[in-house]
Every structure is written in C-alpha cells, then in structure tokens.
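J.: Given next are the chains, with one letter for each unit.
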Amino acid sequence: MLSLLAMVIDDSSAMRLILGRIMRGLGFDVVEAPNGAEAIARLESGIKPEIALVDWNMPVMDGLAFVNAVRKKEQWRDITLMMVTTESEQSQIVRALAAGAHEYVIKPFTPDAIADKLALLGVLA
Amino acid sequence: MTITAGAFAFIADLVKQMTAINLGPGKEYLVENRLASLARDAGFRDVAALIGRVQLSGDDRLRRQIVEALTTNETSFFRDRDPFNALRQVIIPDLCRKRVATHRITIWSAGCSSGQEPYSIAMTVVDHPLINSEWTVEILATDISQEMLEKAKSARYSQLEVNRGLPAPLLVRHFERCETDWRVVPAVRNLVRFQQLNLAEDFELPWIDVVFLRNVLIYFDTTTKIEVLRRVRRVLRPDGYLFLGGSETTLGLDDEFERVMLGSATVYRPRGAGVPEIPTEGAAPIAGPAARPGLGSRPSSLAGSPLPGSPPGSSLAGSINPPGRR
Chain A
-4 MLSLLAMVID
6 DSSAMRLILG
16 RIMRGLGFDV
26 VEAPNGAEAI
36 ARLESGIKPE
46 IALVDWNMPV
56 MDGLAFVNAV
66 RKKEQWRDIT
76 LMMVTTESEQ
86 SQIVRALAAG
96 AHEYVIKPFT
106 PDAIADKLAL
116 LGVLA
Chain B
2 MTITAGAFAF
12 IADLVKQMTA
22 INLGPGKEYL
32 VENRLASLAR
42 DAGFRDVAAL
52 IGRVQLSGDD
62 RLRRQIVEAL
72 TTNETSFFRD
82 RDPFNALRQV
92 IIPDLCRKRV
102 ATHRITIWSA
112 GCSSGQEPYS
122 IAMTVVDHPL
132 INSEWTVEIL
142 ATDISQEMLE
152 KAKSARYSQL
162 EVNRGLPAPL
172 LVRHFERCET
182 DWRVVPAVRN
192 LVRFQQLNLA
202 EDFELPWIDV
212 VFLRNVLIYF
222 DTTTKIEVLR
232 RVRRVLRPDG
242 YLFLGGSETT
252 LGLDDEFERV
262 MLGSATVYRP
272 RGAGVPEIPT
282 EGAAPIAGPA
292 ARPGLGSRPS
302 SLAGSPLPGS
312 PPGSSLAGSI
322 NPPGRR
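Read top to bottom, the protein sequences are chains A and B.
Going by the working numbering, 12 is the number at position 17 of the first sequence; the sequence numbering is gapless.
Going by the working numbering, 44 is the number at position 43 of the second sequence; the sequence numbering is gapless.
Derived by calculation from the structure, the hints in this document are not laboratory data.
As the structure is a prediction and not an experimental result, all values here were calculated from the model.
For each residue, glycine too, the CB sits at the ideal point set by N, CA and C.
Misleading hints may appear alongside valid ones.
Restraint-style ranges between C-beta atoms, simulated for each label pair [said to hold, decoys possible]:
#	chain 1	residue 1	chain 2	residue 2	range
1	A	ASP107	B	THR181	13 to 23 Å
2	B	ASN34	A	SER40	45 to 55 Å
3	B	SER159	A	PRO54	22 to 32 Å
4	A	SER7	B	SER159	14 to 24 Å
5	B	GLY27	A	ALA110	48 to 58 Å
6	A	VAL55	B	ASN133	24 to 34 Å
7	A	PRO103	B	GLY247	24 to 34 Å
8	B	PRO187	A	LYS67	36 to 46 Å
9	B	ASN199	A	VAL55	52 to 62 Å
10	A	VAL55	B	GLU148	27 to 37 Å
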C-alpha cells in the first residue's frame, strides 16, 4: 500500500526531526523544507503532499505567506495545511485559519496532539 | 514494584468501598504510578510508606486523596468525535421536534472528570442552528471527585489540553486567553452545572434526555454495572439516548436498553424508543473531511461564525437560558 506524503516545513532542524519522526510513526512518508520558499519550490517541482505541517516564523518566506501562496493555486487545493507554531495569540490563529489553514497546533505539543488533529482532519495514513 | 500484595489488596478494598470501582489483579502498576506523586508531595519516601500510614492511622484526607488519584481519568475535548457528531446531526434535531412543547433539553455528562466532555457538549449546543432563544438547554456534569469538579468548574485548560481534540475554529470561538492558559467563555461555561455524584449509590436527578456515560462502566464490577445502568435508566426519558465508551455495552447487563446506530456512532435507547429520523442534510460534522475548506475560501467551520473581535459566542450569546435564569 502506498504511504501518504507529509511535508514538514520548519527552520529548526530539530523540530523537523521531531515532526518527521511523529509523522513516520503515523505511517506517512516525509519530505522537509526549511522555509516557505523552499517548500513552494518543492511543490512546483511536482511533489504533492497530502498534508503540510507549517511553522509560522521562518526566514525567506514565513508560514502565513506560504499558506496564502498555496491557497492561490488551483492545483494545490487538496493539500491540507496545519500550522505548528509557537504563535499562540488568538488573533494569529484567526489569521491563519482565515488565510486557509485547516488546523493549528501550538508548540509545545505531544505526539497525541498531532495524531488527534490528523484524525479531526480525516487525514490518516 | 515497591508495594506488597497486601498493600495492593488494602488499596483495592478502599477504592471499592468508597466508589464501587474495581481495581482487579494486574492494576498494581496503576496504584504505583498514580500514587507516586501523591506520596512525594505528602513527604513519604515511596508509595508503600504512604499506604502504610493510611493502614495504621486511617487518615481520612489521605484516604480521599488516594481514591481521587486512582479514579481520575484521562479525557480530551470531543473525545471519539462520533457521539458529538450524532448529537449535532441527529439527536438535537430529534429532541427539538419532540420537546417543542417545553423547549427544554437536559443532557448529563456522568463522570465528567476535568470538564472537557460537558464543555464539548455545550459548544455543540451553542453552535447548533436549531437552538435559539426559545430553548433552555441544561448540561449537568457530575463526578465523584471534588478535585476534578473544581478543575472543571474553573473552565481553564493548558495549551497541551486544548491541543487535544479541539478544532482550532472552536478554540478561537469559545475560549479566551487566560495568562498562558485558555478559559471557556461565559456563554459556553454558563450552560454547565456541576454536581458531585457517586454513580454507585442511589441518586435523584431530574429527567434526562441524553446521558454521556463514557468510559465509566469499565471501572465497575458486573453487579455495580447493572446497578448503575438501572439507576441511569430510571432518570433517562423513555425516548432518550445513552452514550457509552467504545468498549462498553448494555448487552448482558440491562435488557431494557437496545443498541441503535446513528451513522458511525453507537447509542443505547430504552427499548421501544426506536431509531430517530436521520436527516439527509444535517448540520455539518464537528470535524472531518466535510469541514475542510476549498480553494481560497475561509474554512467552512469558521464561515458565518463570530470571530474574536466580536464578542465570543455572540451569535447566540444570551439566547440560551443558562441554568438558574429561567
């Protein structure tokens, strides 16, 4: 059976490692990107993840800009977007959801929290 | 393992006497794990020393703390989701038809622990398009643990707790920041009335339309399960609904209940209540693929809902009569 693909976008290599491990444990294949711009480049190269886990504060292109860019493209409309960030202000969560993010996890989180959110979204490998 | 078989038997007897909860063989690990922090906080060198003190002195406060530590259960918002989708899509519409004369619905969260279940029910009610100002909805939340009830009443949850099971649109709609935590907004928390109640003893409650008794029966022996179900059936309306945990059933315990499937949710109803009308176009599920947004659109579960900036819960604020203001 083919695994679903998850893209982990975070400028912290440690966080990419942690999220990658969680997602692999849930049965996903994982690709990584250190910022929004590189993530967009990978999407443009034809990689099509089922879900992207997106940090907010990153160099070059931040997570909110990435969400906005993805939502503008018809061919990426099926990608589920979940913010995973330390940004915890209510107004920031509203901004991300309004831009088109489907879910929002605030760091710190437990692996169960990620699994719960994927179940909420109906995205399970 | 630091506790002896005798110490475990003493604790199992204590819990059984005070709550009717059955700590069967093999639960030694639970006693060890759950009592470790209590022993440390109370200044004992280990769990065995804590138990030894209670055996010798009969310290009532320590006995109560031990029982509470062993009977507190993990919970999360919208746990298992299916019951909440059934409540939203089938049960509330059914009750709105059947209770039109009184415009009153009562829902009971039995064994509410730290409150995530009753507040999940309250959010479902507040967001429901059929519940308008004519309706009085009361959510009764009970637990045996006074400590858990105090935590539940505070309606305050950590970041880790709101990350579990709570869709982000509901977090921003029904919670407000409270220092580093989040607190349920008054429009939601005022729907819930908390009360200490031991399911293993006789109790008096008003008529109930829907009972959430999930992951509670598993802790009781068969005799107590039968008694608890009989007591619940006594207060459940003849056309009411009972939700149990995924591994629980009334089969073989109380033949007056029958199992009904509402979509992927299992619910138990007094025999003869039948299957409710299941709307073909019901309210949207709490979460799941149907709640996912399309291209360039705002997530559908946010659409038409009040966002922060307008008062939380403002579309229904004041329209549901909280208990005591009827």
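J.: Lying within 14 to 24 Å: is that true of the beta-carbon distance A/SER7 to B/SER159?
T.: holds, 23 Å
J.: Taking the beta carbons of A/PRO103 and B/GLY247, is their distance inside 24 to 34 Å?
T.: holds, 28 Å
J.: Per the hint of 52 to 62 Å, is the separation of the Cβ atoms of B/ASN199 and A/VAL55 within bounds?
T.: Given range 52 to 62 Å: holds, Cβ gap about 59 Å.
J.: Go ahead and decide if the range 36 to 46 Å is satisfied by the Cβ distance of B/PRO187 to A/LYS67.
T.: For B/PRO187 and A/LYS67 the Cβ distance comes to about 39 Å; the hint holds.
J.: A range of 22 to 32 Å was offered for this pair. Does it hold for the Cβ distance of B/SER159 and A/PRO54?
T.: holds, 30 Å
J.: Indicate whether the distance between the beta carbons of A/VAL55 and B/ASN133 respects the range 24 to 34 Å.
T.: violated, 49 Å
J.: Take a look at whether the Cβ-Cβ distance between A/VAL55 and B/GLU148 falls inside 27 to 37 Å.
T.: Roughly 49 Å apart at Cβ, these two residues miss the hinted range, so it is violated.
J.: Verify the CB-CB distance for A/ASP107 and B/THR181 against the hinted window 13 to 23 Å.
T.: This hint holds: roughly 20 Å between Cβ atoms.
J.: Cβ-Cβ distance between B/GLY27 and A/ALA110: within 48 to 58 Å?
T.: This hint is violated: roughly 27 Å between Cβ atoms.
J.: Looking only at beta-carbon atoms, does the pair B/ASN34, A/SER40 fall within the given range of 45 to 55 Å?
T.: holds, 49 Å
Violated hints, in rising order: 5, 6, 10; the structure is consistent with all others.
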